[in-house]
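2 protein chains.
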Amino acid sequence: MQFYKNGFRGGNPDIKPAAPNRRNRGINEPLPEKVDVLIAGTGPAGLCLAAQLSQFPEIDTMIIERMPSNIIKGKADGINTRTMEMFQAFGFADKVKRETYWVNQTAFWMPDPKNPEHIKRVGRVQDVADDSSEMPHILINQARMHELFLEIMKNSPSRLEPDYGWEVVNVTVDPTTDDHPVTVTLKDVTGVYWWATRTVRANYVVGCDGARSAVRTSIGGQLHGDAAHQAWGVMDILANTDFPDVRQKCLISSAKEGNVLILPREGGYIFRMYVELDKLRPDEKAAERKFTQDDMIAAANRIIKPYTIDVKEVVWWSIYDIGHSITDRFDDVPEGEDRDPRVFTAGDACHTHSPKAGQGMNVSMQDTFNLGWKLVHVLQGRADASLLRTYSKERLTEAKRLVETDHKWARVMSAPTTEAERNGTEEPRIIRTFKENLEFTGGNAVKYDPSRLTGAGTHQALASKLEIGRRFHSAPVVRVSDAKQMQLGHAAEADARWRIYAFAGKADSSNAGSAIHKLADWLETNPSSPVVKHTREGEDIDAVIDFRAVFQQTFDQLAYENLPSLLKPKTGKLGLIDFEKVFCVDHKGAGDIFDMRGIDRDRGCMVVVRPDQYVAHVLPLDGFADLSSFFAGILR
Amino acid sequence: MQFYKNGFRGGNPDIKPAAPNRRNRGINEPLPEKVDVLIAGTGPAGLCLAAQLSQFPEIDTMIIERMPSNIIKGKADGINTRTMEMFQAFGFADKVKRETYWVNQTAFWMPDPKNPEHIKRVGRVQDVADDSSEMPHILINQARMHELFLEIMKNSPSRLEPDYGWEVVNVTVDPTTDDHPVTVTLKDVTGVYWWATRTVRANYVVGCDGARSAVRTSIGGQLHGDAAHQAWGVMDILANTDFPDVRQKCLISSAKEGNVLILPREGGYIFRMYVELDKLRPDEKAAERKFTQDDMIAAANRIIKPYTIDVKEVVWWSIYDIGHSITDRFDDVPEGEDRDPRVFTAGDACHTHSPKAGQGMNVSMQDTFNLGWKLVHVLQGRADASLLRTYSKERLTEAKRLVETDHKWARVMSAPTTEAERNGTEEPRIIRTFKENLEFTGGNAVKYDPSRLTGAGTHQALASKLEIGRRFHSAPVVRVSDAKQMQLGHAAEADARWRIYAFAGKADSSNAGSAIHKLADWLETNPSSPVVKHTREGEDIDAVIDFRAVFQQTFDQLAYENLPSLLKPKTGKLGLIDFEKVFCVDHKGAGDIFDMRGIDRDRGCMVVVRPDQYVAHVLPLDGFADLSSFFAGILR
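Residue numbers (my numbering), protein chains in the order written: chain A, 1 to 636; chain B, 1 to 636.
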């Protein structure tokens with residue numbers, strides 16, 4: 001964590017200096033007339049975007065919410081490893097790790113063949129495979145996760161806070177202007193202003209307003225999909241039980257009473273149960289059945305026999321019959337029309353599905369983490385607005401994959417067990433499918449197709465396990481300046497900057513004339529270097545592209561005095577040297593990053609990483625022209 | 001981290017529910033007339049005690065400070081591994097780890113034999129030896145550390161905050177009463193109340209008011225010791241330099257210009273330099289020399305030749321000539337008098353020494369961490385007031401060792417280098433001594449003598465590396481209920497509770513009739529069990545003594561249903577089962593706690609740990625009578 005770059009400032013380093021131009025958010029301050037970005041909805045998608053944009057006080061961001069405050073309980077609770085990697089970039093992964101439940105193992109229970117009325121443990125699966133991520137898979141009350149984002153926003157230079165109690169009535173786009181062409185009509189839902197309506201003009205609007213999104217409806221989007229015809233109940237409870245695996249994630253299939261999922265939660269006592277209730281008629285909604293919390297508790301007790309649950313407090317519960325659905329596009333540009341988008345949707349506003357694979361909150365945040373840096377680039381004038389066309393394309397593909405996988409998983413979960421499974425002669429299909437899905441449910445299977453943002457795989461072999469289009473998979477390194485063991489991926493922050501990691505060849509210890517030296521010097525001084533071309537006068541040399549290097553020697557075999565100046569740049573108001581750009585292999589047994597990520601030991605390579613942590617390109621250390629043209633396709 | 005034990009409560013789990021009896025701390029609220037404990041001084045010693053006492057709202061605690069607010073910069077900055085282990089118990093170690101500088105390596109520089117005017121690196125030492133602690137040695141601005149304690153206090157049930165702007169004028173003890181016998185006269189130093197004086201009566205007073213302590217003076221204490229006759233400068237600076245090790249801790253000896261210490265600090269840019277200035281005459285004070293910050297910068301530049309330092313901002317600086325000194329006793333009971341103490345001193349109020357071994361802040365906090373739980377026990381009526389006599393005894397021994405070690409270290413640091421050292425034919429004495437001192441400087445050499453608090457070593461061989469009298473050295477385990485990899489030591493919180501860790505013998509998987517089962521059942525039900533005897537009606541079964549077990553099997557080889565009820569106790573308002581009492585060996589290569597801590601694999605053992613994390617006793621699993629009599633010597 002770096003701070004004091006512009007001089008000493010006491011206190012909590014997470015509270016950034018406030019920007020002078022920030023909006024006054026005191027009581028009874030009027031809504032602004034114009035903003036750069038208006039976000040509708042303070043769920044995970046909206047907050048993740050707001051938290052990212054709030055770091056840029058030069059961008060006017062507004063986030064509205066129809067509810068009068070943050071939620072207190074309920075809703076989603078699963079955070080996969082990929083999302084945790086993103087939280088690391090926002091700076092609150094450590095806090096989340098400390099106070100949440102970690103899903104280390106998933107246990108599977110099925111009818112005991114000797115006594116099918118009783119359940120029996122049939123298997124366990126390590127939930128996060130070794131080296132699939134440096135992060136745990138965790139479970140946390142969604143409300144608390146919102147708080148962590150709200151805190152980031154409030155501590156940001158723009159001191160961003162939501163405007164609660166306003167809902168979107170309508171969104172219109174004026175295609176004839178580029179000056180705040182989107183008009184949003186908002187209505188006071190809580191009556192503080194006598195249910196008044198207000199209009200706000202924006203350059204961009206992002207609808208994170210859920211499955212009934214008014215933003216989506218305004219731009220003509222529709223959710224298409226299938227209903228589930230199956231009622232489920234979900235409850236967060238404080239309860240005692242003799243069921244021995246209650247502090248592990250469990251998938252439980254009974255012989256005749258249906259299925260239950262157990263998800264232990266933060267704090268060591270509370271847990272969530274998803275309980276299968278009745279099948280529904282094709283035209284029926286779960287709500288019509290008027291299930292109560294007692295129905296759910298009774299069903300759970302029937303399913304987990306011979307064990308029982310004694311509920312002390314029902315914290316939250318809900319009955320649902322969510323199927324899966326998706327919109328045709330995630331922005332306001334219809335198929336075949338050639339213009340840049342102005343309105344976007346994200347999260348449940350454009351894809352819904354069953355909550356039981358724990359994906360919803362994750363995919364929603366990943367939607368806006370994909371959009372965030374693109375909006376920043378365009379609003380900062382660093383990239384052409386056409387960059388925003390890639391959002392719908394990239395995320396729609398992922399959403400489709402999510403809905404398909406979810407659909408399959410739902411079928412596997414509801415399928416009755418077979419004789420062979422119950423006898424133990426065959427590994428149950430649910431366990432096999434669960435294992436096959438692990439990379440997907442961890443959020444680490446996402447792969448963006450080749451595009452202007454994702455280079456061709458010509459040189460992929462130089463970093464065989466850092467696949468272009470997939471997330472940059474972190475690995476252990478040691479920071480040379482202070483010999484600190486750390487994760488290379490943790491060098492990245494949610495700051496909309498690109499990163500180039502240069503992995504040095506075996507013989508290269510940054511001796512004069514080495515490949516690393518040449519690359520660094522070219523990047524720093526050559527007129528065709530993307531660093532030179534895309535960094536503005538007066539900006540820090542790493543303001544847009546952050547160059548770092550990783551060596552194969554251990555920290556004590558490298559001499560700081562031999563490093564090229566781009567690896568010890570002077571930045572900030574005081575021009576202080578940045579000592580956190582240079583890394584080397586770990587010398588204490590945590591693993592060798594070159595081996596772990598398939599880096600060519602002889603030749604080394606460059607790995608270009610997008611601001612949202614996805615690998616954009618792999619190039620040889622002397623791939624100057626390719627690097628230059630790659631960035632020219634994105635940045636001005 | 002456990003919460004929701006008494007029912008769900010949203011929001012930040014670090015903010016505890018406020019106690020109804022807490023003092024109103026609004027503006028212009030008068031000072032209380034009577035308190036249980038009055039702490040003078042909001043330095044590390046005072047805040048560490050206040051943070052601990054604040055968790056007990058039934059104890060009226062007041063903490064005063066003569067300054068008008070917390071400091072912003074300067075003073076101490078070293079936190080050793082032992083203190084970090086204590087921070088873990090307070091719950092903020094993760095936060096500290098994230099935002100601080102980690103001392104991984106210490107580099108040694110000496111005159112280059114080829115060119116003695118220039119310095120040259122002669123060695124490096126890994127600063128925290130493998131498995132000396134699970135915690136890093138870190139450096140942080142003292143002011144920020146204060147903030148972290150202040151936050152703990154403010155979030156505690158008593159919502160404790162300091163009363164700033166009051167200084168102690170005098171402390172008197174009335175030996176004829178037990179009802180708030182200590183009268184403290186306070187003076188308003190900031191003039192808010194026209195420099196008024198007020199008196200507060202207290203049951204106990206703790207002087208953490210620094211080297212010029214008014215509390216110490218009031219009880220007739222005096223600091224005895226030697227002056228240093230050597231001026232040193234210290235500065236926290238933002239600076240550029242070509243000195244390659246500026247982000248490592250460095251001890252630099254020049255041929256003729258004196259010595260420098262470099263201590264990199266939080267945030268990646270700032271660092272501290274201790275710079276040796278002139279020798280002083282026997283009667284001279286450093287302040288008389290009128291050194292300036294420019295003198296210090298010039299001296300530093302002379303010492304580190306051929307390198308130079310270009311200072312951009314001096315954040316804080318000071319000139320000092322601290323020697324070392326100590327008082328005869330740390331409480332108000334003179335040698336030979338037989339009564340229980342009422343007034344204590346801690347930290348600089350009773351021992352001062354050079355800052356260069358980075359011990360001061362640590363030893364000060366360890367003083368009050370030793371005192372804190374004893375005060376809690378006595379004020380809760382769980383222990384006789386004579387328990388408080390052990391404070392001065394235990395900490396005086398440690399303070400003496402500190403002053404001696406510091407004295408030796410200062411001599412080694414100032415000694416000129418020898419020919420053999422410079423030629424590399426002999427390892428420099430400074431490096432040898434540094435290595436020898438590592439356990440001490442890490443804070444892990446503390447060993448309390450046998451006493452009523454620290455049992456005899458009869459059964460020490462059962463846990464050969466968990467030495468009685470030394471801090472409980474944590475090791476990796478897996479929590480059985482959720483298969484989470486963690487540190488056993490992190491089960492302990494700063495909650496004034498005792499812990500018994502029962503290590504099971506090889507064959508013992510908590511099968512009926514096993515040693516673990518017998519011990520647990522005896523502890524839970526036998527009239528002579530310390531749990532039964534010392535826990536009050538209506539209290540949780542683990543309110544005073546927290547019993548936990550560690551097995552040699554891996555988590556998947558143990559059945560929760562076979563565990564004795566004391567290992568899955570029902571506690572809190574809702575009587576919810578606690579699933580965090582049972583551990584087993586790590587199955588993922590982090591190390592085997594039985595091997596690492598020398599636990600007898602066949603017989604197992606019990607390790608009794610004090611509330612301040614020191615090993616109090618090692619006993620066989622059937623050492624019922626010994627356990628009973630040990631606790632009878634302390635608890636009522």
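Please keep in mind that the hints were generated in silico from the structure rather than gathered at the bench.
Treat the hints with caution; some may be incorrect.
The list cannot tell twin chains apart, which means a pair is met if one copy fits it or any two copies do.
Said to hold, decoys possible - Result set (PhoX-like, lysine-lysine): computed pairs, CA atoms no more than 20 Å apart in a straight line:
1. Lys356 to Lys408
2. Lys16 to Lys95
3. Lys312 to Lys570
4. Lys356 to Lys73
5. Lys305 to Lys533
6. Lys312 to Lys5
Evaluation of the provided hints:
Taking the shortest alpha-carbon separations for Lys356 and Lys408, only the intra-copy value of 12 Å comes in at or below 20 Å, while the best inter-copy value is 64 Å. Taking identical chains as interchangeable, the C-alpha atoms of Lys16 and Lys95 lie at most 20 Å apart whether they share a chain (18 Å) or sit on different chains (17 Å). In the homo-oligomer, the alpha carbons of Lys312 and Lys570 lie at most 20 Å apart only across protomers (12 Å), although the nearest pairing inside one protomer, at 59 Å, exceeds that limit. Taking the closest pair of Cα atoms, Lys356 and Lys73 come within 20 Å of each other only inside a single copy of the chain (18 Å); across copies the shortest separation is 50 Å, beyond that limit.
In this homomeric assembly, Lys305 and Lys533 never come within 20 Å of each other (Cα to Cα): the closest approach is 68 Å inside a single copy and 39 Å across copies. In this assembly of identical chains, the alpha carbons of Lys312 and Lys5 lie at most 20 Å apart only when taken from different copies (11 Å versus 52 Å within one copy).
In the structure shown, a violation is registered for the earlier hint numbered 5 alone.
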